[in-house]
Amino acid sequence: MKRRKLDLAALPAKSAEEVDARLTVATPLRRLLNKVFPDHWSFLLGEIALYSFIVLLLSGTYLALFFDPSMEEVVYDGAYSPLRGIGMSRAFESALELSFEVRGGLFMRQMHHWAALLFMAAIVVHMFRVFFTGAFRKPRELNWIIGSLLFWIGFLAGFTGYGLPDDALSGTGLRIAHAIMLSIPVIGSWVASSFFGGEFPGTVIVPRMYIAHVLLIPGVLLGLISAHMGLLVKQKHTQWPGPGRTNDNVVGVRMFPGFAAKAGGFFMIVFAVIALMAGLFQINPIWIFGPYQAATVSSASQPDWYVMFLDGSTRLMPPWEIRLFGYTLPPLFWPTVALPGVLTMLPLLYPFIEARFLKDNQAHHLLQRPRDVPTRTALGAMAVAFWAVLTLSGGNDVIAEQFHISLNAMTWAGRIGLIVVPPLAYYIAYRVCLALQQHDREVLAHGVETGIIKRLPDGGFVEIHQPLAPLDAHGHPEPLEYLGAPVPKKMNRLGALLPTVRGFFYPIEKPAPPVRLDQPSEAPVSPAPARSEITTGS
Amino acid sequence: MSGADTQVRHGNDEAVDVSDPRLSRFDLVREGARRDGVEIVHYAPRFPVPGTKAEKRVERTIALFFMLTGLFATAFVVIFVAWHWEWHPGNNAGSWFTPLLGVSLALMLFCVGAAIIVFAKKLLPEEVAVQERHDGASPRDEQVLTGATLLNMADEAGLGRRPLLKGAIALGLAPVAAVPLVALGGMIDDPHDEDMYHKTGFDPEANGGNKVRLMRENLTPVRPEEISAGGQITVFPAIPHGATNQHADSPTLLIHLRQTDADELRRNLGHVPINEGDMYGNYVAYSKICTHAGCPASLYEQQTNRLLCPCHQSQFSITDNARPVFGPATRRLPMLPLEVDSEGFFVAKSDFEVPIGPGFWERA
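Residue numbers (numbering that gives the first Met the number 0), protein chains in the order written: chain F, 0 to 537; chain D, 0 to 363.
By construction, these hints were calculated from the structure, which means they are not laboratory data.
All the given hints hold, so there is nothing to weed out.
Just a few of them, taken from the derived set where beta-carbon distance is under 10 Å, the chain F residues facing chain D: (1) Thr-26; (2) Glu-198; (3) Gly-201; (4) Gly-243; (5) Arg-244; (6) Asn-246; (7) Arg-253; (8) Gly-263; (9) Ala-271; (10) Ser-300; (11) Leu-331; (12) Pro-334; (13) Arg-501.
A few chain F positions that, by computed beta-carbon distances, are all more than 12 Å from chain D: (14) Ala-8; (15) Gly-45; (16) Phe-150; (17) Leu-220; (18) Trp-304; (19) Met-344; (20) Leu-348; (21) Phe-351; (22) Glu-353; (23) Tyr-429; (24) Val-447; (25) Arg-454; (26) Gly-459; (27) His-473; (28) Gly-474; (29) Pro-487.
Each residue gets a CB set at the ideal place from its N, CA and C atoms; glycine is no exception.
Next up, chain D with everything else stripped away, as it sits in the complex (with noise of 0.2 Å):
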């Protein structure tokens, strides 16, 4: 580990005269280093001979490498300021400006890595230092000395002997934490207050008592006839901003279902009391809001006649009460009651008449 190139000093601990004019630069390096608990065991010019060819072909490449972080610099700022860079639809100069920036700026930094990295490494001499660790515990009188130093603060505070300090102490702060809890209480949002997990926007009551058409995204009410057996859309409470995110917890998959499952789903309708009546001949209308963690459970499988929600793959089965058979999910998609006005459009009777989406504490 030692090299003979250096003259290594094995455990001198006599301070050098740093003032000596006999010392070289490395000297007092080294003198630093010492007196810092550092031994340099080894240091060795990469190129004990000055100036030969090898030197020089490493002075090149690392020349080369700054000249080109010149010249990538260069490149970045030209294309940044003069290229075409806004955006037109095709493929145009706009869409090579962001690759063009990559490469230049990369390239730039590239080589200025390389360039450190390789002046490091064959230019600056070899070394291997030992450094002693001094870890571990403090020795045993400093200890001692701290711990009396804190204690004798609590002895002289004398709390022990001055309960009349101590419940003031205790009485007068305990009001001081509650004060930053309360300024962070106006975060804090009644769910109850108009029970926001309960209603959706078509919620008849909201709507001045009226029941609430549905509507499709382009703010249009539906008619039944207008989706043909098998099909399926999305609709909104057609109240306003109803298509919007404002009513997140709104959006409803409305199905034209054919004969036969129609039929099916009559049959099963009755294993769940509550959806008694909700569909409207052959169409039903299920919350579009999966009750698993909310993602709009909207792939419809027509082979299969199931929902599948794309975010955790939960399946809901539409001819039985959007039944959850499989994946996480373990609620229904709650149903929405379906009838049609007097002008022929479809509404919905009541709201969901149990809370959409994912399920939380007080759900029953």
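Chain F on its own, in the form it takes in the complex (with noise of 0.2 Å):
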């Protein structure tokens, strides 16, 4: 029997057809490959987000293989010498032993706390980014309604893995997390007293957040960013409004290669920032806060960032306390209960009451700059504001002592400031906003600022403008209709300077030829004439 001969190179084609026999993949395939995915780097937030996510879940299955989540008493006898003989959790004990006694499992613990940190502001910079150019718009509410929720459930996340290694710091956070849930009206001993299995602390909460931590929620986490992302694709990108570029179409570069290869490098410089301050900036060493103990508390307990807001809003609540008919209703409900069904809330139905209040109907996948939107800027502004009184109050006992200020003159300062600083945040970004506006119509009916000052005959100096529409039979700039785009405002913009030369040590390339003052320059600037010297004319 004659041999068939293997030709390597006819193999990929030979495969690929085997495959599409199977699955009818090369038109689906290729129409992926083929999607056009805008190009501006505020699209780059949300891809941090996904980036710290992928990181967040293999560091994490790495430290699952040696983290032990039990509620069991044990005498610490590793090899941190300073805590032998201490009483604490296992779950503690083989946190420790995951910092000093696994290779390298310190490294995996401070990745794992700083891509959880960067993930959760990496979502808060990409909501920022989609709320203030309004890519939220109709028809994408459901897919900022999914981004909202990963929110909450990465804020889930954060502080069911914050509580897990029973030290100092997350025992406390895990008592005030008991005491919200009693404060609920009530049903809240009974939250309480089930999640925790009875008393607190009791001796289950530490294995169901466990349970909660590795499975349940990036469960959840990653069947809400597959839906993000499919929405995504599915709507295609919003792009920023420019030349080409309408409601209807998608400009930019095609996924495969351009897109997918700069997505996949700035993947690796995401992990990389990550590897480098898990490297080199301690993260919660809780060796250093020890076991958690309920009689004992430092100072300066703080949570993580994202906790701040919800702890700050806890210090400057003031103490109303309810008391009906028996009944209690602790202050502690408002600020954590109240105020975070608020908080998730009204940014889910925001899109609904933007669209009801402009009568807007349409869709929208030009994206707006946010001064061209000076309300919802400035209702943006007031947020952020808000959150930013909320999360420094979160840590107000830190700038008193740093700072010498009284520690109830910074609560004070909070809860007026809770109220002063928003509505001005209000005010002063509407203001701006319509100064930007105004400042973009001028220079498209004037022209840009050249820098070059002109002596009039009677003395007076005036600035050259360069216009940005050709001159009319007047000599008068054409009024320029403002379209949504950045307006050029500076020379080099429009292309007035010659481009630089590369190279490092020498030009690679031929430079540009040195200005001639008696010949016409390439840029398209001149250079001053050559000046004379000025005589009496006699």
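Hints given; two lone chains; assemble the complex.
See below:
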């Protein structure tokens, strides 16, 4: 029998044919590869969140190989000598083992924690981007809702992870969470005892948080992130207004190879930043905090940054307890249950509120510059200011200590600031938007400031403007309409300068010829004419 | 926008014969994109003349990044395997293990990322593609047909004219919904079973009817003369595991007041009738669990005679029945009734007389 020669060169094509014969994948695959993605730096923010999530899954799985979520009481006898002989839970002991007795374990722990902080930060900044540019408008309301939920699920993921090592900080956080559950009207005590399996802290809360942290919450996150990305692909990305860009197209690069390569490279960069922080910047040094003991706490007990706004709201809440008919509504309920409820629902409904208010039922695929929607931008600034006051108040004891301010004064500053600062932020943002709008119109009407000052015969000085439009018969620039895209405001933006010469030690391309004053320059803006001596003219 | 370097066929919807041998590979790419509703309007090589100095330079840059990637990957592996990583007190090789891992891994990732990005930005052709959106509602016909398909199912089921089925389904499936609820109900724990929120480790009933001694964290009982005036210690119920988290509601602050402060507190004791007789001499004991959110309210400001909770800065006046004077707390820290037993050690006369810790609905 003649042996068939294996043709290596034809192997990929042959295998692709075989796969396609079974899956009929050629058309959908090409459609995916040809999908067009618009390019803008602000579209990378969501990617940072996605990549941090991947790092979280990888590092978290590694940690789970060693961590033991048990509340069994043990006496430490491990490598970290200062804690030897101290009673602690098995969970805390295994977190110490992870840090000191697993090769590279501390690095992984820190990578997981930093990735979590970056994940939440990227979500928040990405949300700002989507909000301030109006990317949440029809038809993307559902994706906005999923995104908002992702913040809160990420919040839960962070909190349950923070609670696992059972160190002094995480136990304090749990104790407060217990009090928050207790504060819920009617069912509070039942909720708390059911979650904790009896009295605080009990022995089941850490294992329960563990299964939530490693299975339930990541599962939900994974599902929501998949839906988020699926909707993005289905609805296509928004884009900034610009030449050739309309509400009915997407202008950019195809996913393969341009976008995929850049995104893959960016993933590596994000991963690199997390790895660098994990190696160089200590985070959550549980061996310094020690095991959780109900009787001890240190000052400056701060939660992770994305929880601080709720800590702040709790600190600022005045002591108003409602007691009626023998029942109690503790003040803790308002800043920690009612406020997050409002903060969840209000953003979820915002796209519909805005559409209702503007009577806007159109689909929008072009982004808006924040200055062009002053009301929304001002509302957003107000929300950011509200959040910033709360977050700062979450660390008001540290601020008071560092800057030698009375702690009570900090609390009062926060209480007053929470009422005064947001409206102020609204007003300032609104005025700034209007001023920026006006400047855009001015440049469109009169041109770009050239920086060239001309002296008039009467001795006055005027700055010469470079008009953006051709001149009409009277020598005036034709009026230009503002189209929602950035207006060039510097001569560089108009290509007034020659391109820079490339090359590090010596030019790798022919440099631009030297400027000769007696000849027209290659640069669109000619240098000043040669000075001639001023004479009396006689 | 449309570059002069490529011939763009606007509005040409005729399908290209892909078997035409004259077509270049890029012609096929363009045709595939066209069929996917994508028009490649600009496609220009970064280096129109191959082999220029500038192109070589970009190649060298990318090659360098890939080589560095390999170098740092090797460094990571060597450090991970060979470094003395174990923890020892002080500054030694072990202290550098984690930073070195981080730096080598970060440099490796950065170099591979930079190589890919430089490759994409400097060597892949410059491209502008335009894809048409086909969003918005489906054609009306499609909506009608899908609606009919769905509604047909309801017609065929005919629950409207089959009331027996309707009732049977409702009655049959309602209990099914209760099954997972009941299964989850295993989590429910009655907080009033042992009235856990009203009792602490100082409850004599749980101690065989004997009054519970106060002890330090090191399990030793406390005599009044062991605390100097103005001093304070944290005490726990002297029962098994009394100082552990099993009795997280029991930590108590035992304070020996100075004479003037003690006199002031004795005058104020009448403000809270339930506290009458709970002091022992100049000694007073308050629950350490903050009535706001349960943190230990343990920072003792001697100057102002206040207890400060570091979590949310509630402040309690020691000389006025631990009245909350600032911050979000609304209730006084409960007082533990003190006395001294026959051997001269502090005991709790009874448990706390009001629930300790944060408020809840049923707490009157």
